[in-house]
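Peer 1: The hints should help you fit chain B onto chain A, whose structure is shown.
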Amino acid sequence: MRSRHAFDDVPRAQEFRAYVAGAGGRLLHTATLLTAEPRDANPRAQRLLTLALARTYACWDRLHGEDPYDHTRRYLMIRFALSTLRYGGRLPFRPPPGGPLAGLSPQERLILVMRLHEGIGEDQTAALLGLPAERVRAVQNRAMAVMLRPAPGSAPAQGARRHGAVMTGEAR
Amino acid sequence: MNRSDREERVRRLMVAGPPVLPPDLAAEAVRRGARMLRRRTYARRVLWLLLCAAAVVFTVWALTARPWVEPPSDTTPPLTGW
Chain A
1 MRSRHAFDDV
11 PRAQEFRAYV
21 AGAGGRLLHT
31 ATLLTAEPRD
41 ANPRAQRLLT
51 LALARTYACW
61 DRLHGEDPYD
71 HTRRYLMIRF
81 ALSTLRYGGR
91 LPFRPPPGGP
101 LAGLSPQERL
111 ILVMRLHEGI
121 GEDQTAALLG
131 LPAERVRAVQ
141 NRAMAVMLRP
151 APGSAPAQGA
161 RRHGAVMTGE
171 AR
Chain B
1 MNRSDREERV
11 RRLMVAGPPV
21 LPPDLAAEAV
31 RRGARMLRRR
41 TYARRVLWLL
51 LCAAAVVFTV
61 WALTARPWVE
71 PPSDTTPPLT
81 GW
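Chains as they are written, first to last, in this note's numbering: chain A, 1 to 172; chain B, 1 to 82.
Just chain A, with the same shape it has in the complex:
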């Protein structure tokens, strides 16, 4: 019978720590964008990332050359998508204002982060989320239109143009 220490043996844990030291900051940034929490108060993003990293650690010996970053990121995205699905497309909490994506719905955030922040291709994003690629594109256009909307109180001419942008964005 293997000892308890066989499960957190030293070489694997050292490799894993080196990986977290290298990629953890970027992953936490991604998670914080998803949960739309402010950068200095992100307990939910930290929890999401911890669970995803724990899973990567458990699969560490079976990665067989697969990029651990891809592994963690995929689980992070899937877990976030499932957690929003469970509560009818909304989050079970109201994120405190502060994150740059706070004005978007969870699905819009997810697709925007996957496509633009992580640079995942449209087809791959669609496959991971089980959506048609056209839908991914439409949601991304809508989210970008919301993000680039000029601040309230600007000139009405800009507002009219923005409305046009939203319409073409959704027609695509």
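One or more hints might be untrue.
[Stated by the list, open to error] Here's a subset of chain A near chain B, in silico, CB distances under 8 Å, partners left out:
1) Gly-25
2) Leu-28
3) His-29
4) Arg-39
5) Asp-40
6) Asn-42
7) Pro-43
8) Tyr-75
9) Ile-78
10) Leu-82
11) Leu-85
12) Leu-112
13) Leu-148
[As the list claims (entries may be wrong)] Covered, in the sense of this in silico footprint (three residues per stretch, anywhere, with C-beta under 8 Å from a C-beta of chain A), are these stretches of chain B:
14) 19 to 28
15) 33 to 44
16) 62 to 69
Keep in mind the hints are simulated off the structure, nothing from the lab. Using N, Cα and C, we set each Cβ at its ideal position, and we do this for glycine too.
Peer 2: Relative to the frame of chain A, chain B by itself:
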């Protein structure tokens, strides 16, 4: 403003201000991951044990009950006084 310009602007909005990684996050992930591995190993061990026990029980039952032997007929009366 074309599409790639818009994408670039949104990307720039997102990369601003990355959060700081808490130092104990890796240790917590290792702890949880090790627990996950331990549970998986125990579950696998229990399943193998059940499989072996089932195989042993089946063998013993087959050797004692001998289901492949034709059962003695009890519908024909014994032939006596012939």
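Peer 1: Hint by hint, say whether it matches the structure.
Peer 2: Hint-by-hint comparison with the structure:
With 8 Å as the threshold, the beta carbon of A:Gly-25 comes within range of chain B, its nearest partner Cβ sitting at about 5 Å, so the hint holds. Hint status for A:Leu-28: holds, given a least beta-carbon distance of 5 Å to chain B, under 8 Å. About 4 Å separates the beta-carbon of A:His-29 from the nearest beta-carbon of chain B, less than 8 Å, and the hint is met. At about 4 Å, the closest approach between the beta carbon of A:Arg-39 and any beta carbon in chain B falls short of 8 Å, and the interface hint on this residue holds.
Checking A:Asp-40 against chain B by beta carbon gives a least distance of about 7 Å; that is within 8 Å, so the hint holds. Residue-level restraint check for A:Asn-42 holds (minimum Cβ-Cβ distance to chain B is 6 Å; threshold 8 Å). The interface hint given for A:Pro-43 is violated, since its Cβ lies 10 Å from the closest Cβ of chain B, which is over the 8 Å cut-off. Interface restraint check: A:Tyr-75 against chain B, minimum CB-CB distance 12 Å, threshold 8 Å, status violated.
Interface hint at A:Ile-78: violated, since its Cβ lies 16 Å from the closest Cβ of chain B, which is beyond the 8 Å cut-off. Taking 8 Å as the C-beta cut-off, the interface hint given for A:Leu-82 is violated, the closest approach to chain B being about 17 Å. At about 23 Å, the closest approach between the beta carbon of A:Leu-85 and any beta carbon in chain B exceeds 8 Å, and the interface hint on this residue is violated. Below 8 Å, beta-carbon pairs count as interface contacts, and A:Leu-112 has one with chain B at about 7 Å; its hint therefore holds.
Look at A:Leu-148: its Cβ gets to within about 6 Å of chain B, closer than 8 Å, so that hint holds up. With a cut-off of 8 Å between beta carbons, the segment 19 to 28 of chain B has 7 residues touching chain A; three or more are needed, and the interface restraint holds. Requiring three or more residues with a Cβ within less than 8 Å of a Cβ of chain A, the coverage given for the segment 33 to 44 of chain B holds, as 8 such residues are present. Against chain A, the segment 62 to 69 of chain B contributes 0 residues with a C-beta closer than 8 Å to a partner C-beta. That does not satisfy the three-residue criterion, and the hint is violated.
Checked against the numbered hints given earlier, the structure breaks hints 7, 8, 9, 10, 11, 16 and satisfies all the rest.
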